[in-house]
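Take a look at the letters that make up each chain.
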Amino acid sequence: MSAASGVVARFGLAGGGAALRVRFIGVIVFQLLLMAVFTLARPRFASWDNLQSVLFTAAILAMAAAGQTLVVLTGNLDLSVGSIMGATAYVVFDLTGTMPALGPWVVLIAVLIGLVLGAVNGFLVTTLQIPSIVATLGTLSVYRGFVSFYANAKEVTVGELPPWTRSLAAARVLGLSSYVWIAVVLVIAVGVMLRGMPWGRELYAYGSNPRAAYYYGLSSTRIVVTGYIGAGIIAAVVGLLLGAQVGNINSLLASGIEMQVLAAVVIGGVSIWGGSGSVYGAALGAVVLATINNGLVLLGVQEYYRLLFQGLAIVAAVAVDALVQRRVLRATRRRSVGVAA
Amino acid sequence: MRTQRQRKLAGVSVIAIAGMILAACSTTAPTAPGDDSGSSSSAESSGGDSPNPADIKIFMAPKFTGLAYFEVARAGGEKAGSELGIDFQYIGSDKPETTEQIATLTNAVPQSPDALVVSAIDGDAVAPALKEAMGKGIKVVTYDADAAADARDLFINQLSYELAAKTMLDAALLNSPDGGLVAFISASPTAPNHTAHVKIMKELIDTDPAYSSLSYVDTVQFAGDDATKSQQLALDLIQAHPDLKVIISSSAVSAPAAEQAIINAGKAGQVWATGFALPSSVRDFIKSGDSVAFALWDPAELGYVATIAAYQLVTGEITTDPGTVIDAGDAGQYTVLEGGEVQYNKPLMFTADNIDDFDF
Numbered sequence: 000m001s002a003a004s005g006v007v008a009r010f011g012l013a014g015g016g017a018a019l020r021v022r023f024i025g026v027i028v029f030q031l032l033l034m035a036v037f038t039l040a041r042p043r044f045a046s047w048d049n050l051q052s053v054l055f056t057a058a059i060l061a062m063a064a065a066g067q068t069l070v071v072l073t074g075n076l077d078l079s080v081g082s083i084m085g086a087t088a089y090v091v092f093d094l095t096g097t098m099p100a101l102g103p104w105v106v107l108i109a110v111l112i113g114l115v116l117g118a119v120n121g122f123l124v125t126t127l128q129i130p131s132i133v134a135t136l137g138t139l140s141v142y143r144g145f146v147s148f149y150a151n152a153k154e155v156t157v158g159e160l161p162p163w164t165r166s167l168a169a170a171r172v173l174g175l176s177s178y179v180w181i182a183v184v185l186v187i188a189v190g191v192m193l194r195g196m197p198w199g200r201e202l203y204a205y206g207s208n209p210r211a212a213y214y215y216g217l218s219s220t221r222i223v224v225t226g227y228i229g230a231g232i233i234a235a236v237v238g239l240l241l242g243a244q245v246g247n248i249n250s251l252l253a254s255g256i257e258m259q260v261l262a263a264v265v266i267g268g269v270s271i272w273g274g275s276g277s278v279y280g281a282a283l284g285a286v287v288l289a290t291i292n293n294g295l296v297l298l299g300v301q302e303y304y305r306l307l308f309q310g311l312a313i314v315a316a317v318a319v320d321a322l323v324q325r326r327v328l329r330a331t332r333r334r335s336v337g338v339a340a
Numbered sequence: 000m001r002t003q004r005q006r007k008l009a010g011v012s013v014i015a016i017a018g019m020i021l022a023a024c025s026t027t028a029p030t031a032p033g034d035d036s037g038s039s040s041s042a043e044s045s046g047g048d049s050p051n052p053a054d055i056k057i058f059m060a061p062k063f064t065g066l067a068y069f070e071v072a073r074a075g076g077e078k079a080g081s082e083l084g085i086d087f088q089y090i091g092s093d094k095p096e097t098t099e100q101i102a103t104l105t106n107a108v109p110q111s112p113d114a115l116v117v118s119a120i121d122g123d124a125v126a127p128a129l130k131e132a133m134g135k136g137i138k139v140v141t142y143d144a145d146a147a148a149d150a151r152d153l154f155i156n157q158l159s160y161e162l163a164a165k166t167m168l169d170a171a172l173l174n175s176p177d178g179g180l181v182a183f184i185s186a187s188p189t190a191p192n193h194t195a196h197v198k199i200m201k202e203l204i205d206t207d208p209a210y211s212s213l214s215y216v217d218t219v220q221f222a223g224d225d226a227t228k229s230q231q232l233a234l235d236l237i238q239a240h241p242d243l244k245v246i247i248s249s250s251a252v253s254a255p256a257a258e259q260a261i262i263n264a265g266k267a268g269q270v271w272a273t274g275f276a277l278p279s280s281v282r283d284f285i286k287s288g289d290s291v292a293f294a295l296w297d298p299a300e301l302g303y304v305a306t307i308a309a310y311q312l313v314t315g316e317i318t319t320d321p322g323t324v325i326d327a328g329d330a331g332q333y334t335v336l337e338g339g340e341v342q343y344n345k346p347l348m349f350t351a352d353n354i355d356d357f358d359f
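As given, the protein sequences belong to chains A and B, one line each in that order. Be aware that the first sequence starts at 0, since it is given in numbering that gives the first Met the number 0, and climbs by one per residue. Be aware that the second sequence starts at 0, since it is given in numbering that gives the first Met the number 0, and climbs by one per residue.
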């Protein structure tokens, strides 16, 4: 604990804390700006009915982005997130179709699947030292291949889903979809764990400077693997929620969603170089994406422009990150020079 | 039994390939066709003088292999295959991507099938691969989604574009008898059938008195046969157009997903999604009363007719000349039209009255 916070204090957050805060505020400003523009163009955008719909479409993405953050903080990527979501949704709902007695225990099965798939990712990246982008590109394919094989081109149809999962997907609490509340709880829980638990501090410490973390006696393998396991478990549970939301589940569920998830994480200010950013930022990034999607449909804009717009937002976010990182580095360097003198 | 083993082999090879290359490449090549003679009935050889049916090899290549709709069509193709006693194989990638389909088709050519039965993701993009196959004497029959007209011999069209458009608008009116505003979700701008359906639906709403109670949102949204994307678009469309009544999609993924999104949003009974969907994926909606009607055709019979047509092209029983009649036995007789198009044209409308009659 103390070792970890020591590393953070010396090499990470403290030095460029201001710059990082600015980065987070930047996302909020960007979101407000988007909302202002869309409201001016289509006053309907600001209606409660529309805003709650935007939050609902953001919920799944926000949760998946929270999971991805655990990996990105260590300076790695998890491209297999969509495949983990799809595999879990298909397998679990296929099981409940044949064994309705499972009830809510299905969540436990999902957690188990996520744990195993996440651990495999972690193993490839740490023990086998495969660069994470390649390792998880591989598991993206392998996990998806597994579902295709398992599903055998069949669908789990909406009538086979346990009624309680469908009710959950359609439930509303205080005017918002239950998924929005689940996302809020999950994101805050992950946020609290990251800030308050030694494990969370270690993720930051390792990500901001793996070498320093090593000299402080932190096990890089343990940190990275637990990051992947956390991400895997969250992806699996989110997959379950997505399955219940979609209804008819085929082997392609959530394929390609990794790009959206990474976009949310990056736009939300989690540095792809690791070590900085917050899960709240990532969730906010998901809201930004959902806002862009919604606003452009409201404006009657074609799909191509949506992709263009989203791409620009990502590039802008990474460019700002690069700037912030340089700032942080300079601040840190100045301080170490000060210490030496 | 035999197909089960083949499938298993194919599945294992997917995983093996993916694992080895550690890349996004999982094209399922058909397993080596050396070990045949598995199926028992050596079939009645109808055309005694023409080549031995057992020597005829037909590959069916759907848009991609993960979709239940294509699996039903495959069953029809396999039925034709076993009746004819030919070597019928199902090939394809499990990703709905044009590049993957091009790879599948390109890899199929060296195995010298006698015919390819193809549903094209992108009609123009797969054309060069199909032309190469035709250049090697391979007959090409498209079903479900056509390729460029000069890159195939015949196109077995499930429903003429006009009939498809009318069927979907009829389904829309069954859901919302008073008509109202309609929005469209297509798979992609390069899916020729989806694009044609939407174009004709717009024309019909503009001109046909039967559909004058309908109006439409001009911008078409694209969901790429992805359920999540379809749901997000459905919700955003409902928000964009508060008076929206019906969302129509030619995609058997998008239509049911959009309906589920409507139900989740608590808007069932105010907005409806309809279009083409497998009865199994909409049975629940129709039984619960949240939806009144979805449409389709019998994909199994479509796959059957396409495979029969491919076989008869190979044996020379038929040509692609307009007026040629394809005799598909119990599945009916079909005449080749101008441009090599054959219209299957048997729409099915699923409602509470008949939804239990369908087992696919």
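These aren't lab readings, by the way, just hints derived from the structure by calculation. Just to be clear, a hint being listed does not mean it is correct.
Stretch-level coverage of chain A by chain B, calculated; a stretch enters the list once three of its residues show a Cβ under 8 Å from a Cβ in chain B [stated by the list, open to error]:
#1 148 to 158
#2 207 to 214
#3 240 to 250
#4 254 to 261
#5 299 to 312
In the BS3-like style, the derived pairs of lysine-lysine whose C-alpha atoms are separated by at most 30 Å in a straight line are [to be verified]:
#6 B:Lys201 <-> B:Lys56
#7 A:Lys153 <-> B:Lys201
#8 A:Lys153 <-> B:Lys56
#9 B:Lys266 <-> B:Lys286
Because the structure is a prediction, the values reported are computed rather than measured. Note that the Cβ used here is the ideal one computed from N, Cα and C, for glycine as well.
A quick look at each hint next to the structure:
| no. | hint | in the structure |
| --- | --- | --- |
| 1 | 148 to 158 | holds (count 9) |
| 2 | 207 to 214 | violated (count 0) |
| 3 | 240 to 250 | holds (count 8) |
| 4 | 254 to 261 | holds (count 3) |
| 5 | 299 to 312 | holds (count 4) |
| 6 | B:Lys201 <-> B:Lys56 | violated, 42 Å |
| 7 | A:Lys153 <-> B:Lys201 | violated, 33 Å |
| 8 | A:Lys153 <-> B:Lys56 | holds, 26 Å |
| 9 | B:Lys266 <-> B:Lys286 | holds, 17 Å |
Hints 2, 6 and 7 from the earlier list are contradicted by this structure; the remaining hints agree with it.
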